[in-house]
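*Asks:* Protein chains in written order, with our numbering: chain X, 9 to 123; chain L, 430 to 543.
Heads up, a few of these hints could be off.
[What the hints assert, rightly or not] Using C-beta positions, here's what the derived DEER-type ranges look like:
(1) X:23 <-> L:489: 21 to 29 Å
(2) X:34 <-> L:513: 21 to 29 Å
(3) L:470 <-> X:25: 35 to 43 Å
(4) X:121 <-> L:437: 24 to 32 Å
(5) X:87 <-> L:443: 47 to 55 Å
(6) L:543 <-> X:17: 39 to 47 Å
[Said to hold, decoys possible] In silico contact screen, one side only, chain X against chain L (beta carbon under 8 Å); selected entries:
(7) 69
(8) 71
(9) 94
(10) 98
(11) 114
(12) 115
(13) 116
(14) 117
If you're looking for bench data, these hints aren't it; they were derived computationally from the structure. This one's a predicted model, so the numbers in the text were calculated from it and none came from an experiment. Yeah, the Cβ is synthetic: ideal placement off N, Cα and C, and Gly gets one too.
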Amino acid sequence: EAQVTQNPRYLITVTGKKLTVTCSQNMNHEYMSWYRQDPGLGLRQIYYSMNVEVTDKGDVPEGYKVSRKEKRNFPLILESPSPNQTSLYFCASRRTGGYSNQPQHFGDGTRLSIL
Amino acid sequence: AQSVTQPDIHITVSEGASLELRCNYSYGATPYLFWYVQSPGQGLQLLLKYFSGDTLVQGIKGFEAEFKRSQSSFNLRKPSVHWSDAAEYFCAVGARVGSYIPTFGRGTSLIVHP
Chain X
9 EAQVTQNPRY
19 LITVTGKKLT
29 VTCSQNMNHE
39 YMSWYRQDPG
49 LGLRQIYYSM
59 NVEVTDKGDV
69 PEGYKVSRKE
79 KRNFPLILES
89 PSPNQTSLYF
99 CASRRTGGYS
109 NQPQHFGDGT
119 RLSIL
Chain L
430 AQSVTQPDIH
440 ITVSEGASLE
450 LRCNYSYGAT
460 PYLFWYVQSP
470 GQGLQLLLKY
480 FSGDTLVQGI
490 KGFEAEFKRS
500 QSSFNLRKPS
510 VHWSDAAEYF
520 CAVGARVGSY
530 IPTFGRGTSL
540 IVHP
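Next up, chain L with everything else stripped away, as it sits in the complex (with noise of 0.2 Å):
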């Protein structure tokens, strides 16, 4: 079975600062990777998707993530972050056979400070 770890349960930024939240993955091959933001209030909205090929991948609201196997890890950046930016970001792998239910890491709080 596979699993998600994001080691940071809180980010603090400056506005306009970079940023990058950690996701690392456990799984016997490469996984299906996602990225959701979660609003105060709102629901999981995604972010972006990596399934093979580039292992770099763009997302909405300008943000990207990298693949890399190695490292077993898809972590999340934005070169600028913007105070609308402050919310949960879940790291999710999605398994390529076995399980068709993915699991969700737990979850990373980003504060953006002015």
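Pulled out of the complex, with its shape left as it was, chain X reads as follows (with noise of 0.2 Å):
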């Protein structure tokens, strides 16, 4: 079954400790990001990757960090949380990256709880 897969999908810590959240796909897709999503503020990119190792910053890249080593992951990480980044995070994937109009896939969703 073509999925994304996002783990945790809960976490509640406390700020300063590292977390990362993964993502996993299994489509062989080359396009992945990350959103998060806020009551009121829709969904929000953090970063995308078009490709192995090619990332960028989306509209609110701060406090966040990914990487793109393999072409099925693509971690979330969150080196120094705080509170603000209280959120719902979704990673997607899409078959292409050069191509916007291809649908994206998302997975069901982290609910992160910053202490």
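Each of the two chains sits in its own frame; use the hints to bring them together as a complex.
*Replies:* The structure is reproduced here in structure tokens:
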């Protein structure tokens, strides 16, 4: 089954404790991205990756890092989480990076609470 | 750069009633257009998309959307709403040239009364 898998689904942690949210897709997609979803603000893109070893900032990259060492994986790293990063996070992928006519496939989300 | 507006934050309808969710975009040409649905606790799922051709697009779950160039709109419709349609709906726009990054609207929350 084609899917985007995020882990963990829920996490409560404290300010300053490094955390990583993993994202993996099994569709051999080139393009992957991370979004955060906040009430009233919709989806805002954090980072995206057009292919392996190619990443770039989205609209709200501050406080986040990503890496793309393999095609299937695109982890989101919070080196020093702060309460304003409490949010619902989504990973998404699409077949190729260079064509915005392709829909994205989304994971089920990770709800992070930073105390 | 493209932008997209969903004017309604919440829409409430009765089960069995018709539904129209509004989406307006700003772009210098005809963009790629998408509607996604997000059920509680889940990720976004594609309902339908428009690239070119017939301006009335059929999607999954009985939804359709009509592209109107003159109004820069891509409204989502369903003739008879079911309680299971209660969800968050997002309109998204992709540029044909330039940016490869789609832009999402802020979403419309659909509430269905029995």
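*Asks:* Decide, hint by hint, whether the structure agrees.
*Replies:* Against the structure, the hints come out as follows:
1. X:23 <-> L:489: 21 to 29 Å: Given range 21 to 29 Å: violated, Cβ gap about 42 Å.
2. X:34 <-> L:513: 21 to 29 Å: Check passed, 27 Å falls within 21 to 29 Å.
3. L:470 <-> X:25: 35 to 43 Å: Taking Cβ atoms as reference, residue 470 of chain L and residue 25 of chain X lie about 25 Å apart, which means the hint is violated.
4. X:121 <-> L:437: 24 to 32 Å: The hint (24 to 32 Å, Cβ to Cβ) holds, given that residue 121 of chain X and residue 437 of chain L are roughly 29 Å apart.
5. X:87 <-> L:443: 47 to 55 Å: Given a distance of about 49 Å, which is inside 47 to 55 Å, the answer is holds.
6. L:543 <-> X:17: 39 to 47 Å: violated, 30 Å
7. 69: violated, 13 Å
8. 71: violated, 20 Å
9. 94: violated, 17 Å
10. 98: At about 6 Å, which falls below the 8 Å cut-off, the nearest Cβ of chain L leaves the hint on residue 98 of chain X intact, so it holds.
11. 114: holds, 3 Å
12. 115: holds, 5 Å
13. 116: Holds - the Cβ of residue 116 of chain X comes within 8 Å of chain L, reaching about 5 Å at its closest.
14. 117: Check passed: Cβ of residue 117 of chain X comes within 6 Å of chain L, closer than 8 Å.
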